[in-house]
Amino acid sequence: MTQLLSEHGGTGTVPSADAGTGAESAGRAPVVVLENLGKSFGSGAPVLEDINATIRQGEFVALLGASGCGKSTLLNIISGLDGPSSGALEVPADGAAFMFQDASLFPWLTARRNVELALKLRGVGRAERKARSVELLELVNLGHSMDKRPHELSGGMRQRVALARSLAQDRPLLLMDEPFAALDAITRDLLHNELERVWKETGRTIIFVTHNVREAVRLGQRVLLLSSRPGRVVAEWNVSEEHRTDAGAAGALTADITTRLRQEIRKHA
Amino acid sequence: MPETVTSPMLKSGTEDDMRSLEAGLDSLQSDAVERRRIDFSRVLLPLAAFIVLLLAWQFYVSLGLRRRDLVPGPLDVLGSLGALWQAGTAQEAVWTSLQRGIIGFTVSIVVGTPIGLLLSQVRLLRRAFGPLISGLQVLPSVAWVPAAIIWFGLTDATVYFVMFMGAIPSIINGLIAGVDQIPPQYRRVGQILGASRWEMAVNVVLPAALPGYVGGLKQGWAFSWRSLMAAEIIAMGGSLGFGLGSLLEQGRQLSDMGIVMSAILVILFVGIAVELVVFAPVEKRLLRGRGLLAGSTR
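Chains as they are written, first to last, in this note's numbering: chain A, 1 to 269; chain B, 1001 to 1298.
Next up, chain B with everything else stripped away, as it sits in the complex (with noise of 0.2 Å):
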């Protein structure tokens, strides 16, 4: 027959022969350690960004094509921030809305959490709840507010409730979707290792899930955000405290825009300074432990 077949494979080589061998091959074959050094560009960057977008605002506004008192430029803002620091405004008002925005953030937790662990694992609830579950996150959470004031009038009630609709919702979807996204081969390995029902949850799913979790975390903390501040502009006085939404609407009502720019950049800043500090490195800790952070433009 004039087909051909490779030559065949022989043992060759001492136990040490392949010892050292091996020992060749895995340092060649494996990175070298990533160096970690502190990384410049990540802090000059965006400020350099910040810097462009102040000067161009300000340039915007020297040309004196608006009103002052309508279209601030920077420095006006500045002042006015100020000035609002100054009186105790402005610290009162960040308290209020932070305080608010982790209770309310972490009661969402607490209940989206069991719920969305439930629904993607129970195909019958998952089935039954889950349009429902995403038409929640789509139905924007100020639409709750009127109902919202009727039923708990102007109390932290109101806040809280509009919060956990927002909120909660974007949890439970972050959740099933982390789920949903699990290789079924992880299972298959959790099984063929013998894992029970429980065991596979908790060594298994609720691991491979923790990066959808986690973004489904981190939305959930923009619209809790989000709703907090819609309800803080619409529901003010009674009992409620004074929020930042409460503070840029009382800058409305005064027509100033100082105010009504300060208080926009603070709910801005406290926004950055939480992604930042809070969910920007439990992110990147999460996807470098599993090499999915090389090439990304993080």
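One chain only, chain A, in its complex shape (with noise of 0.2 Å):
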């Protein structure tokens, strides 16, 4: 399947929720409910306006959008650390995981300390801990520097670790930053499959917020194009295993998307 299921045209027209929802998890309860969803600072112009999007059990949604599209807001706001000016939300009661641009581990704990405070900070009993911090950080492939402190460990090591403490904080919802942005390209290829391998593992439901249209063709089933200033979803794309094996179909959304986003941005000069 190499077609769209949404596309939709002017900056006025926003896709209802539902439409753009893979077959796959069309039945599954939804996660994230946003309506009308509007966030302004002050008395400024609206960063966020009249957002609506229906995320489901198990998805992996990519946010895509240019620098100043309001896409770290829509997070803190999911994750409950900021609260919206206008409309309404529905997210898990026991809030979301979170994964930042940098891995922001504590200095002073080494990696396997750090995965445990998550879980420390959850309830759960010391000898339970310990186990399963040293599972998590297998399930990520780093059982061989579970000692190291984070300056020991390479960029890609730590945002690892992160990712295994974010899971360490087990919540169905986990939010992602644009954790891979300053990573190297071979690094960030390979941090690709793993984000991959570890959601299909562990069936968490993923928000992936990125700049990146090619981390969001590998990595999302489902990729919402945001505007900027002020953001609201313009577009939505569904992305098939095809989009990510065959470099036709590949190149053809990539480019789609590509040019969806100059356009967005082009409105601004």
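The reader is advised that the hints may include incorrect statements.
[Stated by the list, open to error] Each computed DSSO-like pair below joins lysine-lysine, with the alpha-carbon atoms no more than 30 Å apart: (1) A:Lys130 <-> B:Lys1218; (2) A:Lys148 <-> B:Lys1284; (3) B:Lys1284 <-> A:Lys120; (4) B:Lys1218 <-> A:Lys148.
[Claimed, not checked] Listing some non-contacts, in silico: residues in chain B with all C-beta distances to chain A over 10 Å: (5) Arg1042; (6) Val1043; (7) Val1110; (8) Thr1113; (9) Arg1126; (10) Ile1149; (11) Ala1177; (12) Gly1194; (13) Val1204; (14) Gln1219; (15) Gln1253; (16) Leu1276.
What the hints contain is simulated information worked out from the structure, not anything from laboratory work.
Even glycine gets a Cβ: it sits at the ideal position worked out from N, Cα and C.
With the hints in hand, could you dock these two chains into one complex?
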């Protein structure tokens, strides 16, 4: 399947949330529902306006947009770090796990202790903490560096520890704010595979924010395009397995999304 | 459209391929284990510097520009230090001062730490008392000696009071500075991980502020040692024990430069010893553990 399921023209039209939901996850329970969500800081122009989206259990959604489109603001609202100015949202009651662009590991703790801290703050007992943290670090192939401090790890390794830590939070929803943006290309490619594998093994619902079209196509089951100032969902694509294995299909979709993204950016010229 | 779009990323390779690729990258990108060995330059260089200074001193004295009893040479000072040691005066003075220093410093930590934590966490208190605490740090604690003598007479209480006024403000300020310098991201992570206020303080704020706190302790020790010496020099007699400051003052009263220089050198030596034995290892361990030592001249 290479065709787009929903592509909307002008900025005024917002795709209805259900129209673009992939066939495989259509029947699942919604995890995040955003209804006419808006956000503005002080009396300034709105950062987010009229955002509608439904993200279902186990989905991997890539949120794509140029710099300054309010992607991070949207994630903060979904995670509960910030509140919306208007509209309504439905999110899991126990919050969401969060992964930042920098690993944000605590430098005074070893990789394993960093993961253990997340378990400890969740109220997991000491013995189980130890076993579980080892398990999670092995899941991200870091069994060999568990007792190293963050500064002894490479950027990619630190992000994998951060991934293990966010999995330790054991929340069904995982929010990722450009987590691979600062990594080198080789490491980033590798972490895409890693993340996809972890996603399949753990069944998490993931919202992945990025400004990289290729990354969005490589990872997301759905790609939502956010316009800039104000940020709204202006287009949506479904990505199938073919888009990740067939160069022609992948190229066509990437080109398509890139064109649309550039179109959005030009409006501000 | 003439615009170029870079080629997309494709999935490729089996899981085993990926594992071995990742293992290769990991070993390429993380540092090799650093070798730990005894660094002789750490011992030899300060020793060499010390010897150079001694030689310069001896050379100056041997020029005979000043009366020998006013400017004694290193050997003369060593001689009077030996005499003081033989009489037991030196040991008594060092022991008395060190004991007071340790007790005073410990009490300062116990008092200063909770106050510092409270001020760093409660905005109202910080705004109200912050300037006063900073001011106290600027005020030389010797200024309190006359007041303390009037209040407490020539007792140990005078000496301790002056030490507290020197050490407590710098410990409080060190802790506040340490807390202020915590990157906001750490608290954000703590919040995301679901930490309560107390858990945040214990698991995030305190460990993150530790380097600043240790810096404050170090300064607090320096201030309490200085204040102690000042108090001992000014306040002598009464029920006060005989400390290094008292030894110094006695040397002045006897116009014995050998004693004066001996006392100064011993005070300096105790300061260096405490820095080398107590603070330097703690600080180094702390910084190395956080990867903050790379490229420093320590």
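Taking the hints in turn, this is what the structure says about them:
For the hint linking A:Lys130 to B:Lys1218, the alpha-carbon distance of about 36 Å lies beyond 30 Å, and the restraint is violated. About 18 Å separates the Cα atoms of A:Lys148 and B:Lys1284, which keeps this hinted pair within 30 Å; it holds. At most 30 Å may separate the alpha-carbon atoms for a hinted pair to count; B:Lys1284 and A:Lys120 meet this at roughly 28 Å. With a CA separation close to 28 Å, the supplied pair B:Lys1218 and A:Lys148 stays within the 30 Å bound.
The Cβ of B:Arg1042 sits about 23 Å from the closest Cβ of chain A, beyond the 10 Å cut-off, so the non-interface label holds. No beta-carbon of chain A comes within 10 Å of the beta-carbon of B:Val1043; the shortest separation is about 27 Å. At the 10 Å boundary, the C-beta of B:Val1110 stays outside the reach of chain A, the nearest C-beta of that chain being 24 Å off. Even its closest Cβ contact with chain A, about 18 Å, leaves B:Thr1113 beyond 10 Å, as expected for a residue assigned away from the interface.
For B:Arg1126, the condition that its CB be more than 10 Å from all CB atoms of chain A holds, with the nearest at approximately 25 Å. Its beta-carbon lying about 45 Å from the closest one in chain A, B:Ile1149 satisfies the requirement of being farther than 10 Å from that chain. No Cβ of chain A approaches the Cβ of B:Ala1177 within 10 Å, the least distance being about 18 Å, so the stated non-interface status holds. With 10 Å as the threshold on Cβ separation, the claim that B:Gly1194 sits away from chain A is violated: the shortest Cβ distance comes to roughly 5 Å.
With a least CB separation of 7 Å from chain A, B:Val1204 falls inside the 10 Å interface cut-off, contrary to its annotation. For B:Gln1219, the shortest C-beta to C-beta distance to chain A comes to about 22 Å, beyond the 10 Å cut-off, and the non-interface label holds. A cut-off of 10 Å between C-beta atoms confirms that B:Gln1253 is not in contact with chain A; the least separation is 52 Å. The claim that B:Leu1276 is not at the interface with chain A holds, since no C-beta of that chain comes within 10 Å of its own (minimum 24 Å).
Violated hints for the displayed structure, listed by number in ascending order: 1, 12 and 13.
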